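Taken in order, these protein sequences are the chains called A and X. Just so you know, we're using our numbering here: the first sequence kicks off at 1 and counts up by one. Just so you know, we're using our numbering here: the second sequence kicks off at 1 and counts up by one.
I should point out that these hints are in silico values taken from the structure, not numbers from a laboratory. Check each hint, because a few of them may be wrong.
As the list claims (entries may be wrong) - DSSO-like mimics (lysine-lysine), calculated; alpha carbons at most 30 Å apart, straight line:
no.: 1; chain 1: X; residue 1: 15; chain 2: A; residue 2: 382
no.: 2; chain 1: X; residue 1: 220; chain 2: A; residue 2: 371
no.: 3; chain 1: X; residue 1: 220; chain 2: X; residue 2: 15
no.: 4; chain 1: X; residue 1: 220; chain 2: A; residue 2: 382
no.: 5; chain 1: A; residue 1: 122; chain 2: A; residue 2: 204
no.: 6; chain 1: A; residue 1: 229; chain 2: A; residue 2: 122
no.: 7; chain 1: A; residue 1: 371; chain 2: A; residue 2: 382
The structure displayed is predicted, hence computed values, not measured ones.
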Amino acid sequence: MLLPWEYGVRNLFRRPIRSLLTLAALATVIMLVFLMVGFIRGLEQSLVISGDPDVVLVYSVNSEESLENSAIAARTPELLTSSLSGIVQRFGVTHISPEMYLAARVRTQDGHSGFGLVRGVKQTAPLVRRSVRLLEGQWPGPGEVMAGQLASTKLGTPVESLDIGRTIEMEGQAWRVSGTFAAGGSGYESELWCNLGDLQTAAKRQDLSLVAALLEPGASVAEIQLFCKQRNDLELRAIRETDYYASLQQYYRPVRMLAWVVVTLVAAAGVFAGMNMMYGAVSGRIRELAMLQAIGYRRRAILTSLVQEGVILAAAASLLAGAIALVFINGLAVRFTMGAFVLRVDGVAILIGCAVGLTIGVLGALPPALKALRQPVATALKAV
Amino acid sequence: MPVVELQDVCKSFRKGGEIIQPLRHVDLRIESGEFVSLMGPSGTGKSTLLNLVSGIDQVDSGRIVVDGTEVTTLSRSRLADWRARSIGYIFQTHQLIPVLTAYENVELPTLLLKQSATERHRRVDLALEAVGLADRAAHYPRQLSGGQEQRVGIARAIVSHPRVVVADEPTGSLDTDTSEQIQELLQRLNQELDITMLMVTHDADVAAIASRRLLLDHGKLLETDLNEPGKTAAG
Numbered sequence: 001m002l003l004p005w006e007y008g009v010r011n012l013f014r015r016p017i018r019s020l021l022t023l024a025a026l027a028t029v030i031m032l033v034f035l036m037v038g039f040i041r042g043l044e045q046s047l048v049i050s051g052d053p054d055v056v057l058v059y060s061v062n063s064e065e066s067l068e069n070s071a072i073a074a075r076t077p078e079l080l081t082s083s084l085s086g087i088v089q090r091f092g093v094t095h096i097s098p099e100m101y102l103a104a105r106v107r108t109q110d111g112h113s114g115f116g117l118v119r120g121v122k123q124t125a126p127l128v129r130r131s132v133r134l135l136e137g138q139w140p141g142p143g144e145v146m147a148g149q150l151a152s153t154k155l156g157t158p159v160e161s162l163d164i165g166r167t168i169e170m171e172g173q174a175w176r177v178s179g180t181f182a183a184g185g186s187g188y189e190s191e192l193w194c195n196l197g198d199l200q201t202a203a204k205r206q207d208l209s210l211v212a213a214l215l216e217p218g219a220s221v222a223e224i225q226l227f228c229k230q231r232n233d234l235e236l237r238a239i240r241e242t243d244y245y246a247s248l249q250q251y252y253r254p255v256r257m258l259a260w261v262v263v264t265l266v267a268a269a270g271v272f273a274g275m276n277m278m279y280g281a282v283s284g285r286i287r288e289l290a291m292l293q294a295i296g297y298r299r300r301a302i303l304t305s306l307v308q309e310g311v312i313l314a315a316a317a318s319l320l321a322g323a324i325a326l327v328f329i330n331g332l333a334v335r336f337t338m339g340a341f342v343l344r345v346d347g348v349a350i351l352i353g354c355a356v357g358l359t360i361g362v363l364g365a366l367p368p369a370l371k372a373l374r375q376p377v378a379t380a381l382k383a384v
Numbered sequence: 001m002p003v004v005e006l007q008d009v010c011k012s013f014r015k016g017g018e019i020i021q022p023l024r025h026v027d028l029r030i031e032s033g034e035f036v037s038l039m040g041p042s043g044t045g046k047s048t049l050l051n052l053v054s055g056i057d058q059v060d061s062g063r064i065v066v067d068g069t070e071v072t073t074l075s076r077s078r079l080a081d082w083r084a085r086s087i088g089y090i091f092q093t094h095q096l097i098p099v100l101t102a103y104e105n106v107e108l109p110t111l112l113l114k115q116s117a118t119e120r121h122r123r124v125d126l127a128l129e130a131v132g133l134a135d136r137a138a139h140y141p142r143q144l145s146g147g148q149e150q151r152v153g154i155a156r157a158i159v160s161h162p163r164v165v166v167a168d169e170p171t172g173s174l175d176t177d178t179s180e181q182i183q184e185l186l187q188r189l190n191q192e193l194d195i196t197m198l199m200v201t202h203d204a205d206v207a208a209i210a211s212r213r214l215l216l217d218h219g220k221l222l223e224t225d226l227n228e229p230g231k232t233a234a235g
């Protein structure tokens, strides 16, 4: 038979300040867990969303996985269109997007500067990059750029610095911001898009970085890969976009592993905070716990009640941290090498955060409770 | 048939480097409804004997039978269940749980018994009434006087209708007036409810309320003659 629930709950109010401080410590720890899991989930989500299974990327075989380093012939789109049949065509328009992609130093009108990711595109780009939506303003005309909604985060500049009508400087040229776009949380949101020809002129290049092509339903990427092998003079490689971002996920694996290690260490710190509180709570109740045994309560019932106390406190801390995380952490933009992404405190993150919280409650309460109950009842009854 | 029977009980423990043997081949029989007080100088093993009878300590050798159950052979968890049914324990410092009301403190042992909530509440009400604290049921221990706290402790000991109530210095932390009130209460409960009581005390006046007085000296139990307090007989 267990001890009444009220016993565990009211015991938390015996030392209200101590309980409150422990609650704050646990909430902080669980918030850090939410932050780290939100980071991991945001990064993963950004890479997963960025890939479209119907899109094939064709880029230089010599560029490894980095599109910024890729340089392919400007005639590649025409060669692909004329040689392959699996690319979508609607109303006489082939859904193929020649693009120049580079990292460039960008200086904003208010004097801030940072490295931005710039993509030179043609009007066909939205036909292939189907997640891109213009939020406000218009498609960039000559000498104009369209900013992704996380582009300012990537640059490390204030959001207003990329407001419509503002001017930025890159590749030795001034550009006017014509609009803002979203891309469903994908990596494009941290980019600046401009006219391909303008960027080629500014960068003094005539080549392309890549060609993205939208495949017909059921079409195979193998046909394009075969084309790339046969035309080895072009030094091309083709990869499904989802596979490309999956390979990037591997690239960021150490980062994610490190984040999980931090989650583990932070959780361990939480266990120690919980343990410290429970040692304090239990050490003052040695005689009381012995009395409960003397009147017939089994050790397991008392142990359960003590664990219950730790779990109640940890659950309250989890709720508090969860609420704060949803309001202040969820959606927070973070800059990283590949661009920017938002921290995602989604269902999985909440589940992990709460599980860590409850684990802290159980593990923090068990050792002090076991220690207290190990004492012989007769001795514990005389404890001071 | 005795309610409590100790046969050839020995108990020793280590204190520092020394082995102390407070109980040496002790025999004792307590009949149903008896009120037995146990006296003796400090450190002679009075509380040890009480703890052995209530099953919260283990004998080195010998046999203890309480209400037909040989407690020396029970496992720890079975002992806990047995204590909940058969033993009431009154502590010197009442040992009430500060975060529970008087009512909830008294109710604690009844939660271990298989009975309906109605029956449980009836028993708690009766126990509080028996110790004269029905009007203090909703009070927390900090809102009660020392004597009232001990009364709640006594109510908690009798609420399960145990066959035996053991009391370890029940008046030890009370002033003289309150101590007398508690003594009267214990005597009344013994007589009116026919509860078998074994009480440890170092106070001869308190011991005098018992119907039978025992003295523990150098590990041996001696019977004290009620009519001639100075005279003892081997127990």
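Against the structure, the hints come out as follows:
Taking the CA atoms of residue 15(X) and residue 382(A), the gap is about 15 Å. The hint holds against a cut of 30 Å. This hinted pair does not check out: residue 220(X) and residue 371(A) have alpha carbons roughly 35 Å apart, beyond 30 Å. For the given pair, residue 220(X) sits about 20 Å from residue 15(X) by alpha-carbon distance, which is consistent with the 30 Å threshold. With a C-alpha separation of about 23 Å, the suggested pair residue 220(X) and residue 382(A) falls inside the 30 Å cut-off, and the hint holds.
This hinted pair checks out: residue 122(A) and residue 204(A) have alpha carbons roughly 17 Å apart, not beyond 30 Å. Restraint check for residue 229(A) and residue 122(A): satisfied, since their Cα atoms lie roughly 27 Å apart, inside the 30 Å limit. Proximity of residue 371(A) to residue 382(A) is assessed by CA-CA distance (about 16 Å); at most 30 Å being required, the pair is judged to hold.
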